[in-house]
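Q: Chains as they are written, first to last, in the working numbering: chain F, 425 to 589; chain U, 7 to 793; chain Z, 1273 to 1714.
Hints listed in this document are in silico derivations from the structure and should not be mistaken for laboratory results. Honestly, I wouldn't trust all of these hints.
[Claimed, not checked] As a list, the in silico DSS-like pairs of lysine-lysine whose alpha-carbon atoms are at most 30 Å apart: (1) U:K90 x U:K44; (2) F:K440 x U:K43; (3) U:K446 x U:K423; (4) F:K440 x Z:K1347; (5) Z:K1680 x U:K133; (6) U:K133 x Z:K1347; (7) U:K777 x U:K210; (8) U:K43 x U:K225; (9) Z:K1693 x F:K524.
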Amino acid sequence: MLSDDAFKKIDREIAKYPADQKQSAVMAALAIAQDENGYLAQETIAAVADYLGMAPMAAFEVASFYNMYDLAPLGRYKLTVCTNLPCALSGGVDAAEYLKQKLGIAFNETTPDGLFTLKQGECLGACGDAPVLLMNNKRMCSFMTTEAIDQLLTELRADLRGQAT
Amino acid sequence: MLDIEIDGKALQVVEGSTIIDAAHQLGTYIPHFCYHKKLSIAANCRMCLVQVEKAPKPMPACATPVTNGMKVQTHSEQAVKAQKGVMEFLLINHPLDCPICDQGGECLLQDLAVGYGASASRYQEEKRVVMNKNLGPLVATDMTRCINCTRCVRFTQEIAGLMELGQAYRGEHAEIMSFIGQTVDSELSGNIIDLCPVGALTSKPFRFSARTWELARRKSVSPHDGLGSPLIVQTKHDKVMRVLPLENEEINECWLSDKDRFSYEALNSPERLTRPMLKHGGQWIEVEWQQALDYVAHAFKDIAKNHGAAALGALLSPHATLEELHLGQKLMRGLGSGNVDFRLRQSDFSQDGQGTPWLGMKIAEIGSLDRVLVVGSFLRKDHPLIAQRLRQAVKRGAQVSLVHSADDDQLLKAHAKAIVLPSQLPQLLAQVVKCAAELKGVSVDAAITALAVSEKAKAIAESLLSGTRAAIFLGNFAQQHEQAATLQALAQLLAKITGANFGFLGEAANSVGGYVANALPGADGLNAGQMLAEPRHGYLILNAEVELDSARPLQALAALKQAATVVLLSPFKLPGALDYADVLLPVSPFSETSGSFINTEGRVQSFNAVVRPLGETRPAWKVLRVLGNLLNLPGFDQDSSEQVRAEVLGAATPTPEFVTDRLANPLSDVANNVANNVAIKLDAGPNGLERVADVAIYSADVLVRRAPSLQKTRDAASPAARMNAVTLQQCGVSAGQELRVRQGEGQAQLFAVLDAGLPDGAVRIAAAHPKVAGLAAMHGAITVEAL
Amino acid sequence: MSFQPILTAGLDPATGDATWHLDDYVKRGGYAALKKIFAENITPEAVIAEVKKSSLRGRGGAGFPSGLKWSFMPKAYAGAKYLCCNSDEGEPGTFKDRDLLRYNPHQVIEGMAIAAYAMGTERGYNYIHGEVWELYDRFEQALAEARAAGYIGQNILGSNFSFELFAHHGYGAYICGEETALLDSIEGKKGQPRYKPPFPASFGLYGKPTTINNTETFAAVPWIINNGGDKYLELGKPNNGGSKLFSVSGHVVRPGNYEVPMGLPFAELLKMAGGIRGGRRLKACIPGGSSAPVLPAEIVMECTMDYDSIAKAGSMLGSGAVIVMDESTCMVRALERLSYFYFEESCGQCTPCREGTGWLYRVVHRIEHGQGRPDDLDLLNSVTDNIMGRTICALGDAASLPVRSFIKHFAAEFEYHIEHKKCLVPPEVQKEGSKIYVRPSC
Ligand SMILES: Cc1cc2nc3c(=O)[nH]c(=O)nc-3n(C[C@H](O)[C@H](O)[C@H](O)COP(=O)(O)O)c2cc1C
Ligand code: SF4
Ligand code: FES
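Please model the entire structure based on the sequences and the hints provided.
A: Okay, structure coming up:
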């Protein structure tokens, strides 16, 4: 379910907390698990809970509370576009619209090729760079003009092709 | 002490009190949903907002600590406005489906809405709908009604010990649920029904069967484990419809185990025996009471005449009432036989005559213990609410150590655990004794001093000696152990050395009452084990399925089958008895008779019938009395169960001390008795596999075995052969495989299950189940082969 | 004397991504304050006194005096005590901590180490907003550098003071910025705020005494120790000491962070950000992050950027996030988006917020979509009445204040929407104003 490498990473997280507070590592552990599997399946959550000695329901509470965890499979690239007010004033909504049109999907949908999933984001904490989007929870993409969006999509597609060969 | 004034009334409260505590002290009601005196404070419903002088905004009474000189108004304009505002929020997404809601009539939301709700809703948007969850056979859900007070979540986490429910998602999407697809399997799960202030969690068995206002409420006492939970039994048209806890801080607090709560379903079982029956030429025929009783009287008289009275024996159930047990033994003794016993699952009787096994302290005192050792107990399943008390004690800092043959999760953080084969238990306990003796500088038997001490034994001994209020309890498993006397002697010795309280966790509702009623073999009588090992001609059985309820089922069955006359008094047509019995007499279950139980702390609890006996069923005490008359025995002229009780306990209503004084086994006596008089045997066990047998929670007695909803729970899963990985490998079998298990003359076919909590060489097979009634005994050597 | 930045001193955003490392920080004078404490044997009490003198107020939103907060930590407490840094910046409009962590993580580390010394805490966590993951990684690297150099860890700089510091990341929940939700989140639970009392100083992380401060608050500490509290106070205004990093977003030419002395006139800040785009006029401004009441142009133009002036104008300085809206903005639509945010981010624990935020959003949504009713504005005000002051944490208030202030200052626009089922600001104007912004290359 999770690789040894993932457990090693989780162990590093556990080490940050007092010995009797393993549960503190659950957010990091779930993030590590999600990075590895693309999303958090029920069994993955249970495995993480078991590893940390907590009730599976307690881990599920966490997995369902924080919205960067995905409880269902999604596209290879999750693009979360901030449409909150400060961003919207500088084109956040327009950028999202542009993406919808380019990808032919609405928010919370995945392109038929399984490549992209689009999400509406709340404040990413980068309003000065609006429009902004977050790629796979990890990479902040700033100043997303239509050209920048095009470029990103091309890059991601190329990246994939590169991996395929 | 702090001064506080609530609605103009002054009072003093202890430091650390909240406003709601203070209000309760005054008898002032503050509306609330999430607050519950036994749960942590969540302060999430906001219904309890009150006005506090100098505070700029209303404060939640449940969470606001009293400060000296505080002035609180619970009904001021500000307070009521706040409460009404909260009520409006609670109702906007509530379906308001009271007419079809099972909680109707006992719903806190409904009650409070009358006082705090507005007549018309200002909320014109679409209401939220929440998917229902399948929480298992006991708890029904209607989650759209949920107000997210999280009482149920906190209960599973804090009281039941495992967070089986949680509040998933967030904001308006927050939902109470179990981990996807999982049921709530706690043995205390039914309490969330009581806790839920609305109709989101209701009783599945009770669902839609009656409205609360149609129900009569009567008090009773649970006939199952040694706790003796006080019950409120709700009835309609002479039928038990539902069982709720009757709150008693000293016994059950406000909780009830699922066994106590849902076993009532058996009372309405189609298996109920409603007319006396005789076996005639191999056929069962229904007869009149007179005929049946005449038959019994003749049969017993004949046996006594032809074979001597010692050819008769009585096997009584520890779940029978004090009155029944008393008359049962009196009848046998009247006939001239001392063969009486009610300790059907016991196999070592060598401590007989040396005191009464009881808790040795008050149940309520368990919570204040700081060091505890539990020996041989499937604690959580055998004593759900005592386990709960220990769980709370652990949270307050108590150290609870366990010595046992199976490492089931007791959902409490054990201080030290020693899990060894049944045959090793005495040795292990002796190691603890040795260690404690050394630490205290006391000398003990050479056999004990010769032992090597394991780390775990040392940790346990040190723990026991490091506190101020310690106790050592022997569980059901220890009491049923083949060397129960040795275990008891060692535990008593240990208690004496460490100054700990010593006690037994009583298995059944009348584990103490049976002793008090003297339902025990006399000096010349046979005990339960002997009566079955040395078959009798006639048996009187009360309320038991002997082939499931005794330590050696195979032997029991053989003994009963060969007997000339087996008379069974039971509320049910017991399938085994249909084969071996000759007479079936329909007697009342606890709900249809008056009687008394003496619980494990020695508390006498008497109760009345809550419904009329079903069909021609009669209370067993009456049946036994009439039998006494028919047999012309003296002393069978009681007119009421109270008179029977008075014969045992004296006329006055017994005080709590009355019984415990009479049990009179203060540590000094008993410890000396058993420890000095019982030879401590520390020999190693058999070479090879050993059986570990638990009595699964919903197999424990005649009644609970017939409660359909409980039988659908995971705890009622049919027995398997459980082994750890090493043992599985050693036997050349793998988990999931079907096995043949042989024990003595008997065998059973079971699936292998991996159980990491067992010691090497242990095969755990639950007892008290028809599937394993073919196995020889609850303990001892056993073999396993793949099919 | 012209103002010298202290949080962003010596930093050039153009090269900042390369100069965040320990060496660069030390070159900029970093860790001098920590060294000074041990070199001059400055007592913990003296450190707290200095911070009190500086009049440093919490930069996370509430503006609570930091020195005072530090003095609440029980001194004689025997067990573990904790220090937490709140880098969960998620308040719409706020992106200042991001730059601090991006360009100057060691300054936050140094500030935390000093605070830990002052309060006798041996273990700390920096809770970093999940969305700025790259900075979480960076902070971990910075911690490794600091640990290797002996600025954190056992026996810091050879003293007998030890302080272990770790990074903990969020994963998408605005509410975790609330300090007690943050603690629950570090404990591995849902981030749900706790009812106070008990306060974190007595019952915080793992039930132990804990102090939580914002990233910017900690980042100001080294300067205060180096230069003295008085100097810091002098930078700003009485009761509003020091400098402040303002995140300016919305319809300005150069959105971004601006470190200025407290008390700078709003107009000047606006000028620094290049003024309003496209020659349009300022319509309104939210001066302290989305939770702060909106102020119409005429009022905000009269304000200076400090706690007291903004409070007097009827809003809050909050986290210093200045959201600028020009005349192309539809105020109903703007409010709808903010209301959606609070509805989406309510933790769901307490009734008024869980139920009320959805109600507010739905009504505003209706109005925006031409389905408003005449009594909707009264209804909205009344619902906010029932939320405010009745919730466990301040999110309830945060959701209500925008609603009330938008209605209060822009009632006509709301009424027009309700009556005419459409917006006062023509759609094409709105479209022009909210289109993707291409910043001028400068
Ligand atoms: C809903 C809510 C969100 C908050 N978000 C943040 C935040 O993102 N960052 C922050 O520093 N403080 C935030 N706070 C304030 C914190 O609760 C706390 O007051 C602050 O971290 C204390 O640090 P300071 O005294 O240095 O400001 C938030 C408060 C609330 C009620
Ligand atoms: S006000 Fe909202 S966010 Fe705060 S505790 Fe209550 S429900 Fe949670
Ligand atoms: S009872 Fe006080 S908030 Fe629920």
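Q: Hint by hint, note whether the structure agrees.
A: Results of checking the hints against the structure:
1. U:K90 x U:K44: Holds, because 26 Å separates the two Cα atoms, which is no more than 30 Å.
2. F:K440 x U:K43: Violated - the C-alpha atoms of U:K43 and F:K440 are around 36 Å apart, more than 30 Å.
3. U:K446 x U:K423: holds (22 Å)
4. F:K440 x Z:K1347: holds (25 Å)
5. Z:K1680 x U:K133: At roughly 29 Å apart (the allowed maximum being 30 Å), U:K133 and Z:K1680 satisfy the hint.
6. U:K133 x Z:K1347: Not satisfied, since the Cα-Cα distance of roughly 52 Å exceeds 30 Å.
7. U:K777 x U:K210: Within the cut-off at roughly 28 Å; holds.
8. U:K43 x U:K225: With Cα atoms ~23 Å apart, U:K43 and U:K225 stay inside 30 Å; holds.
9. Z:K1693 x F:K524: holds (27 Å)
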